[in-house]
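**Q** Here's the letter readout for the chains.
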Amino acid sequence: MEKPNLKKLTKELGFECLSGKALLDRIPQSAYVSDLLSDVMGKARNGMIWVTSQVHKNIVAVASLKELSAIVIVNERPVEKELLEQAENEGVVVLASNLPAFETAGKLYNYLESWQDAAL
Amino acid sequence: MHFEYEIEGGDFSSAGKASSDIKKILKQLNIDPQIVRRIAIALYEAEVNVVAHACKGIMKVDLDAHKIKILLEDEGPGIENIERAMQEGFSTASDEVRQMGFGAGMGLPNIKRNTDEMRLTSVPGRGTTLEMTVNFSQ
Chain A
1 MEKPNLKKLT
11 KELGFECLSG
21 KALLDRIPQS
31 AYVSDLLSDV
41 MGKARNGMIW
51 VTSQVHKNIV
61 AVASLKELSA
71 IVIVNERPVE
81 KELLEQAENE
91 GVVVLASNLP
101 AFETAGKLYN
111 YLESWQDAAL
Chain D
1001 MHFEYEIEGG
1011 DFSSAGKASS
1021 DIKKILKQLN
1031 IDPQIVRRIA
1041 IALYEAEVNV
1051 VAHACKGIMK
1061 VDLDAHKIKI
1071 LLEDEGPGIE
1081 NIERAMQEGF
1091 STASDEVRQM
1101 GFGAGMGLPN
1111 IKRNTDEMRL
1121 TSVPGRGTTL
1131 EMTVNFSQ
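As you go down the protein sequences, you meet chains A and D in turn. Just so it is clear: in the first sequence, position 34 is 34 by the working numbering, and no numbers are missing. With the second sequence counted from 1, adding 1000 to any position gets you the working numbering.
Rather than coming from a laboratory, the hints here were simulated on the basis of the structure. Since the model is a prediction, treat every value here as computed from it, not as a measurement. Please note: incorrect hints may appear among the correct ones.
[Claimed, not checked] Listed next, the in silico DMTMM-like pairs over lysine to aspartate or glutamate satisfying Cα-Cα at most 20 Å (straight line):
1) A:57 with A:85
2) D:1017 with A:85
3) A:57 with D:1011
Please construct the entire structure, taking both the sequences and the accompanying hints into account.
**A** Printed below as a string of structure tokens:
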């Protein structure tokens, strides 16, 4: 079976897509959880989903430069319109989760791993 | 090819503009995507360092068929102890900057890891100069 794209993942995990709706056919490669931007710059790999509670505009630059497949902002943190516009311009998918980072990461982990197992 | 970018200290909303611009140019030149990603990381970290620590800076980028050379010169407090600044986890960033997720003390080590040559010099109280080179073939 083919790995799920962001559209399927967003729907099945109950995330909300805030920007980059046209880019949801991307197939995410694992995920990375961090609120430290340099940590993401240094350690995340391209194609990953980035789970964070940061909501300032620099996260868009980091996601774009690292070619991450999406940012998941946790805990219903309010996101400014300006950030979403910039994300839209730079081809960055921003998803929102209404759960805290731990639960969000847990759900993502199980979901991505189950597809990993199915592929074996 | 030569490009220059001015970087304003404290202007976090523009941080990443120069890096993203250079990244686009490198992609158009068909440079190996993995090398482009390394350069983008180093450029972004260097740009953020100027925004987070200095008053202002200038980034000069020179490109030829074999390599990219980047020179960043800033006016600012400089670095007292370069050896310490290079240690992972060491940072002098303000609380405000740390709250944004910067200042984890990983920027300079990230630059070192992603460049082929890195030279950092500083005159405390005056400013810092960073030179980086990345070769296009490994």
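**Q** Against the structure, test the hints numbered earlier, and report the numbers of the ones violated in rising order.
**A** Of the numbered hints given earlier, the structure breaks none, since each of them holds.
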